[in-house]
Structures are given as C-alpha cells and as structure tokens.
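Residue numbers (the numbering used here), protein chains in the order written: chain A, 1 to 658; chain B, 1 to 151; chain C, 1 to 182.
Hints should not be assumed to be uniformly reliable.
[Unchecked claim] Derived lysine-lysine pairs resembling DSBU-like cross-links, with alpha carbons at most 35 Å apart:
id, chain 1, residue 1, chain 2, residue 2
1, A, 414, A, 267
2, C, 178, A, 382
3, C, 58, A, 601
4, C, 99, A, 382
5, C, 113, C, 178
6, B, 76, A, 516
7, A, 644, A, 483
[As the list claims (entries may be wrong)] Label-pair restraints from in silico Cβ distances:
id, chain 1, residue 1, chain 2, residue 2, range
8, B, 102, C, 58, 32 to 38 Å
9, B, 36, A, 343, 42 to 48 Å
10, B, 24, A, 78, 38 to 44 Å
11, B, 35, A, 51, 49 to 55 Å
[Claimed, not checked] One-sided and incomplete, this derived list gives chain A residues near chain C with beta-carbon spacing under 10 Å:
id, residue
12, 239
13, 277
14, 280
15, 281
16, 314
17, 323
18, 330
19, 332
20, 370
21, 373
22, 379
23, 382
No wet-lab data here; the hints were simulated from the structure.
Every residue, glycine too, gets a C-beta built ideally from N, C-alpha and C.
Here is how the chains run, residue by residue.
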Amino acid sequence: MIPEIGQLALILALCMALVQAVFPIAGAHKGVASWVALAKPAALGQLLFMTIGYACLTYGFLEHDFSIRYVATNSNTSLPILYLISGVWGAHEGSLLFWTLTLSLWTGVVTLFSRSVPEVMVARVVGVMGVVSVGFLLFMLLTSNPFVRLMNPPLEGRDLNPLLQDPGLAIHPPLLYMGYVGFSVAFAFAIAAMLGGRLDAAWARWSRPWTNIAWVFLTLGIVIGSWWAYYELGWGGWWFWDPVENASFMPWIIGTALVHSLAVTEKRGAFKAWTVLLAIFAFSLSLLGTFLVRSGVLTSVHAFATDPSRGVFILLFLSVIIGGSLLLYSWRASQIRSSVHFTLFSRETGLLLTNVILMVTACSILLGTLYPLVLDALGVGKISVGPPYFNSVFIPLTAPLAVLAGVGALARWKRDSGLSLARKLALPMLLSVGGGFALTLWALPHFSWGAALGLVLALWVLLTMLLWLKEQGGAAGLAGVFKNISRAGWGMFFGHLGIAVFVVGVALTSIYSTEKDLRIEKGQSYHLGGYDFLFKGAERSAGPNYLMDRGEVVVSREGEHVATLFPEKRDYRSGMPMTEAGIDAGLTRDLFVALGEPLGKDGAWSLRIYHKPFVRWVWLGGLFMAFGGLLAALDKRYFRLARKARLETEANTAGGKA
Amino acid sequence: MRRILVLLVLWSPLLAFANIEAYRFDNPQKEADYRVLIAELRCLVCQNQNLADSNAELAQDMRRQTYEMVQSGSSKEEIIVYMVQRYGDFVLYRPPFMPSTVLLWVGPFLIFAVGVGILLLFIRRRNQEPVVQLSSEEHARAKGLLDQETK
Amino acid sequence: MKKRYLIPFGIFMAIMAIFVLGLYRMGEDPNFTRNVPSVLIGKQAPKIDLPDLFDQSKTVSSSSLAGQVWVLNVWATWCPECWREHAFLVHLARNEGVKLFGIDWRDDAAAAKRLLVDKGNPFVAVGFDPESRAIMDWGVYGAPETFVIDKQGVVRWKKAGAMTRELWESELKPLLQKLEKG
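Pulled out of the complex, with its shape left as it was, chain A reads as follows (with noise of 0.2 Å):
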C-alpha cells in the first residue's frame, strides 16, 4: 500500500510541477494575474507531494519492504539504521528521486524568501524551474520508477554497496545535489531575466545569496567526497579525476566563476551576457554531471545498453532545456547594451581574467573527460586519459588563478593605475618569492621547486589578503578592520584564504608524502618519516554487518606513543572487501595504514604505511573557501532588502485597507 502511495504522490508532483511549469510563465507573458498567482500554491503543493513520496520510500527501506524491488536491491535486514536512511538515496532511481526532491525543496524555499522580488519574476523562476521538475519526474516515472514491486518479493533483500556504508558517503550526495539543484535557482533566474526582457543587475542581486549558497553546498560536497575518497579507499589518494569527480568539479569551477561575475553584475552592472551564460552553464553542467555519470555513458555503459530509452529521454532533456537555454540567450543576449567602461588595469579586467581562467579550466577538463569517449565513437582509436594529463594542464592553468586573487582584490573598481597597482603589489610579492623560496629550503625536508612556487603563491595570497585587511581598515586600524568591512568582504577573505591553505596541502602533500608497502610480522617495526610503526597483529572479528581481520599499530616518535591505529579489513555480505585504514590525522601530517592480507602462518601481513604531510589542509582550504562564501551569502544587504520589502507590502496592505 505505501508504494502506492508513493507511487501516487511522484504522479500528483508531476500534476504539480506541470503546472508549475505552464500557468506562471504563460501568465506572466500575457499579464493574467491569476495564472501568475498559481506559482506559488503548485510550487508549494509539488514539494508537499514530492515530500510523501520520499517519506514513502525512506519508509519502505525501514520497514524492509523487500517487495519494492529498489529496496530488495539495496538493503537488508543487517544493515544499521543509518545506511538504510541514506540508501534511499544510493543507486539510480533513489538518487534521481533525492534529486527531485532537492529541487522542489529549492523552489519551495525560493517562493517563500523572495518578497523583494516582482511576483512575476517569481513566477517566471518557479516556472523555469517546474520545466525541470517535470523533465525529471517524467525520467523517473517513466524509466526509472524507484517503486517497482517485485511479483515474488525476496526474504531477504541485497546489500547496499558496501562502498556506501560509512557516514560521509552518506552525507557527501545530499550536499552535492543541494549543491547540483542550487545552481538551477541562479539558471531559473537568468532565465526568467532573458524572458521578461529585462537583463539589467536585478536578476543579479536576487540570484546572488542562491548561487552562494549553493556553491557553499557543492563546495562541501566534493570536500566531504575528496575526504571519504582519502580514509575508505585506502589508496590515501585524495583526488583520482574519475568522471564521477570531474563531474562534480566542472559545475563547481563554472559556479565560482559565476559567484564572482554576479558580484560584478551586481555592483558595477558590468558583464551582464556573460554572467548569464555562466548561470547557465553552471546548471547544464549540474545536469550534464548527474545524468551521465549517474547513467554511465562515461563510465560503464551497461545502463544505457540494457535501457537504451533512458539515454535518449536524456539527450531529449538535454537539449530542450539546455539547447533552449542557450538559444534563448543567443536572442536575448544580443540585446544587451553595456554602458559600463573599465580599464586595464582595474578589478573589472581581474575579475574577468579569473572567469576566463576558470572558463577555460572547466572546458579543458570538459575535453579530457569527454576524449576517449570521442575517439572511441569516430572509432579512431581508444586512449585512456587520466591524472597525469589532468594535472599536467589543471596546474598551469590554474597557478595564475591564485596571482589574480591577489591582485584583484586589491585593484580598485572601473580604473586603476598600473603604476600605483605594482608600487603597491611590490612588497607582498618580494616578501612572497622570498619567504616561499626560505621556507623550502630550510623548513622542508628537500628542496623543490614545485613546493617553493606552490608556497610562493600561497603566501603571495595571504600578503595581498593581509594587505586589503589593513586598506580597508584605513587610518582606523584594526578597529576600522571590523568597522568597515561587510560579510561580503570578510566572505572574500575567508574564501581566498582557502586557497592559500588549499595550494599548501596540495603542494607540500604531493611532494613530500612517502608510503612504503611492506611485509611485516607480529612485533616486527618499521620506521617512517621520522616515526616508528610497531605491528601488534591482525585478529579476526564481527561487526554489524560484516566480518572483519582488524589490525593493531602502535605510533611513536622518539619511543614516545603517538598513535595506536586499527585499520580494518571488512567482508561484506556482498563479498566486496573493503579496507578500513587507521589513520592519526594531524594538522601537519597524517600517518595511515592500511592493512593488506595475510602472508603465511606465522602471523605476518602485508601492510601500506603514509606519511603524509599536511594534506588536511587541503580539506581545510575548501572549508575556508565554504565558510567565505557562507558569510558572502548572509550579507546584510540581503537581509536589509528582504526587511524593506517586507515593509513596502505591510505599508502596502496597510494603504489598502485604509
């Protein structure tokens, strides 16, 4: 009966969504009033359907209702109460059911927090975003029906990939759909923009907090998936640029652009075509991640091969909403009258040399991932590209990114000298290139050449940040610091602060890690990076679900105890092994064993040792950059807005009455 139910309620969602996505936007191009009233009710009603329909199958999963065939596939009865909450969300149908919901739980939200905005804006947004709430309702309900009863329903059901089963894999895809979803908000309203005909700064200012947010989101997201990738794989790899990955990342490079470039729309009213077009590729790209990796065109063909009318149901989605977004624009867009002049040497010319950057970095990545697949189709032949290309142009390109957030930050609006920008940028960069270059040399264990530049432009950054610390807190001083700058700016800092902290873990955790994979015995130690690992024996035990041979090392530095780790070796019912490595996490280092097999009787094993030196900045440069754009996103302009809004209807309403 609850798959009904269901089953029902994704029915009545798409009612919802469908006129969501017909009544406001009609209504709006033809000014009848109670069409465009209809956004928020449908809006509102699909999320209460959308709601159900996952309590429903969450419901299913708790209740090991094995006769819905998606449950039966991805529990069973010993799965903890935690895996069986995030399972809803870890294959196929539940993931694009998640989705759905994340996107009608946006538009709820969005109808709900914007008064400052015209209604038939609003209306316009809920529209754009009911188009791709049906699209997605109508995938899931046609070819990939989470509810799917089976006629002959199992005692018992599968297993939930084992992979799964640890708790930041299942955090890591609720942020990244929030991130995915959010992205469709600052879409929906540069489209609504396009359609009502009105490109100036205020879609901008509106769209602005959205975009933040959810780039906040989809930066913790791949945090969190990076962190996961690092402890459950074992490997102590933090980024493997898997399509999977890279599809993640894509949105994420075009959404910081397009974080920046709203900043710029918005205050300066300045590239106005080209932040739309950035809008709209950060959502195409969302979309473009979530169904071609989650369906396999990348990665494994099989579910296209056994279903092939989802790969054409999604190039038609695709193209409708992609393809019409962008012909829209190419209308719209040619409109477009900039009055807005900026020199050379201005914040204006930084900012859009960092969005050509990360323009191109996205496209590049774009062109890796998509290569082989591209060969293999003109049947030219079959290449594998991986890492080593990724990082050989992901690094050249993106250095200079880190200069600009320096430079930019510092350049003054509209116009700047060059002269007094360099007489300026002097000191940061002498104190940079030398403290880089006597940090590697004498604080470093080797010399490279690779971690003098990384800490060059890692404190190059912090300099300039430094430096805008102090400007902006003028003849005040610290005092000033604290008066003048808004969230927004300390957003700025805080973000571009992370990248400081990130360009430090990647270099120095790149350059300087050493692992060593040896064969070891009960009580046998080995020394590693300055600390002794002392085996104590593996021994064999039951966890929840799983057997397990849990290892025990003792850490210590100079016979003094540091650590002792457990890494694990699980079994799962579905037979997947999975290495659970013990890892001591520092802010300066990481050590981490994983524990390989037995060899022979006598007890030894084969284990994998890392010493890794600060690779949690790189964690924690993304957290900064989290954090900055969280505190960009509450600036209190928004909130100032919001409240003058609010006050505008109550005066209204007051008048009415009156």
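With chain A fixed as given, assemble chains B and C onto it according to the hints.
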C-alpha cells in the same frame, strides 16, 4: 575494492583481491620509478583505476611484471613500450602525443590563448567606445541601486 | 541577432552530437567502450611456453603448431562464460577440425583438469598460466578471449567474449577457410 567493472554479459574480467605487495627494491630510484609507473598505467579490467590502486588480479600481475622489469634494470620508457606493445595506448593514463591527441594536448592552451585574446580585444574596444548616455529613467534607477549599496 | 552569441549553442550541439553518436554505437554493440582492440592483429604472435596443465613438469609450446592455422583460447573455471562456450569449443575441435590451443588462466589446476575430463577436452594442448605471463604477452585482460593465428604465425583475429555458433558462422569459419587456402 573500488570501481571494478560490473560483470559484462559476454565476458568476465578477472576479479579477485590482493592488493599490498611487499616488494624490495635495489635502490630508491627504482622504487620511485615503480611508483610512477603503476600510477600512470591503467588497470584494464577496472572501471577507471590505475595499477597502483587496483586489487584486481591482473593488475597485481602487471604490477609484478613492472616490478621485475624495474628490478632487472629496464628504464621507465622501456616498460611503457612493453605495456603498450601488448595492451595498446589504452593502458596509458598519460596519452601519448600523436595526431589523434593533438587537440587533447594543445586544446586547453589554445582555448586559454583565445580566451585571453578575446578578453584583451574586448577591453580595448570597451575603452574606445563612446560613453553611452543614460536616459534619465535609467539614471534614476542606477542611482537608486547605488544608494542601496552605500546605505 | 549577432552570430557570436550562437557560439555556445553551437558548442553544446557539437557535444550533443558526440553523445548521440556514442549512444548509436552502443546500440550496435553494447560493449563497444569496453572492448579494447588488440594491438597484436597483423603482428607476429608471441610465443607461448607454459607448464602443461596436466603435468606441470612438462612444457607446452605454441611452436608445436607452427606452420598451421590455429586458434588460441584463454579460459578459466572462474569464468562463467567459459563454461557456456565450452561445449561449442568441443564441437569445433571434434567436428570442424579446429586446432585449439588453450591457456588456463590463474586457475585452480585441479578444478580445471576436472572440467576438461568431465566436459571433454577441445584443446590440442593446455598451458597453465597462474601468473599471467603469457596472458600479458597476448594483451589479454578478461576471459574468454579467442585469437586466430595463420600459417605464418601472424595474429589475424581476436574476440573478447564467448564463442557462439553465430560468431563461428559469420566470422571465424570464413576466416579459417581463407587462411587454410592462403
């Protein structure tokens, strides 16, 4: 076990697990070469993994082959040639520079050059254009926006 | 409308065209992205010297088939598709006169021997390859895989996946006939 292929209908990859080998090397240079090689060679039966990260048995055997060749004094290039002669360019995560990959390797830097070129052109043209006179209505709106800004 | 604003649309359509082409190729052959073409086609076949599955103190060698057209088949008992094609391989060996050389890959020797005793042995000789030595020389990455080698010792054909009657009739049989004549 990460991302090993789902069983194909007509063909099975070799799936079994063994992942950490305790190889001893004659010198640190050989160990470094070995690490670079297994990071840049692809595990053929995996969805998208290098030899280093894979615990498929074939990857294990290919690691052993790499190890033996490194130990017996083969250079990195020789080992790469050995693998390519057997498995084709597909085995390399760093695609070789050849006619079909020109666009792949040059593309990013080409796009970069074009992007920056357009940008400079754009800024120059911006500066040459006469300032557009704002209509009084636009002016008022702009002022309103600015006022909100400075409040 | 200025043309340059159509550029993003153009790029998008180009990407879409790639996906359509990819999807179309997939419709033709669901495994096309997985099938790595052998680089050995048209090249001299690598020599196989492996321990004999039935008596590992002895060696079986592909040189015993030199000057003849022969077929190499890589199989193992852990590979379900190999069980499926086994009967057909036996049929090919007994009724069609195909000379099959087998490589038993990373397998349990006892189980492999039992399979051949129970279900028939289609192979002229079976090499036992627990460490993927010959496998790697031949660029094999899954099982079953089948190669055709001509009288000059050149690799002429390769297929990843089970041998079927269809495949035999459409590709392998005509090829073998041609090679026997040549």
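Evaluation of the provided hints:
1. For the given pair, residue 414(A) sits about 11 Å from residue 267(A) by alpha-carbon distance, which is consistent with the 35 Å threshold.
2. Using a Cα cut-off of 35 Å, the hinted pair residue 178(C) and residue 382(A) holds, with the two alpha carbons roughly 29 Å apart.
3. Restraint check for residue 58(C) and residue 601(A): the C-alpha separation of about 30 Å stays at or below 35 Å, so the hint holds.
4. For the hint pairing residue 99(C) with residue 382(A), the CA-to-CA distance comes to about 31 Å; that is within 35 Å, so the pair holds.
5. Restraint check for residue 113(C) and residue 178(C): the C-alpha separation of about 33 Å stays at or below 35 Å, so the hint holds.
6. Taking the CA atoms of residue 76(B) and residue 516(A), the gap is near 20 Å; set against the 35 Å cutoff, the hint holds.
7. With a CA separation close to 23 Å, the supplied pair residue 644(A) and residue 483(A) stays within the 35 Å bound.
8. The beta-carbon spacing between residue 102(B) and residue 58(C), approximately 51 Å, falls outside the hinted interval of 32 to 38 Å.
9. Take residue 36(B) and residue 343(A): their Cβ atoms lie about 47 Å apart, and the range 42 to 48 Å holds.
10. Checking the proposed 38 to 44 Å range against residue 24(B) and residue 78(A) shows it holds: the Cβ atoms sit about 42 Å from each other.
11. Between residue 35(B) and residue 51(A) the beta carbon distance is about 50 Å. The supplied range of 49 to 55 Å therefore holds.
12. A least Cβ separation of about 24 Å between residue 239(A) and chain C goes past the 10 Å threshold, and the interface hint is therefore violated.
13. The beta carbon of residue 277(A) comes within 6 Å of a beta carbon in chain C, closer than 10 Å, and the hint placing it at the interface holds.
14. The closest approach between the C-beta of residue 280(A) and any C-beta of chain C is roughly 8 Å, which is under the 10 Å cut-off, so the hint is satisfied.
15. Against a cut-off of 10 Å between C-beta atoms, the interface hint on residue 281(A) holds, since the closest Cβ of chain C lies about 8 Å away.
16. Given the 10 Å rule on beta carbons, the hint for residue 314(A) holds: about 8 Å separates it from the nearest Cβ of chain C.
17. A hinted interface residue such as residue 323(A) counts as satisfied when its beta carbon comes closer than 10 Å to some beta carbon of chain C; here the least separation is about 6 Å, so the hint holds.
18. Given hint, residue 330(A) at the interface with chain C, holds; its Cβ is 4 Å from that chain's nearest Cβ, closer than 10 Å.
19. Look at residue 332(A): its Cβ gets to within about 9 Å of chain C, closer than 10 Å, so that hint holds up.
20. The restraint placing residue 370(A) at the interface with chain C holds, with a minimum CB-CB distance near 6 Å, inside the 10 Å limit.
21. This hint holds: residue 373(A) has a C-beta 6 Å from the nearest C-beta of chain C, less than the 10 Å allowed.
22. Contact between residue 379(A) and chain C, as hinted, is supported at the beta carbon level, the nearest pair being about 8 Å apart and thus within 10 Å.
23. Residue-level restraint check for residue 382(A) holds (minimum Cβ-Cβ distance to chain C is 6 Å; threshold 10 Å).
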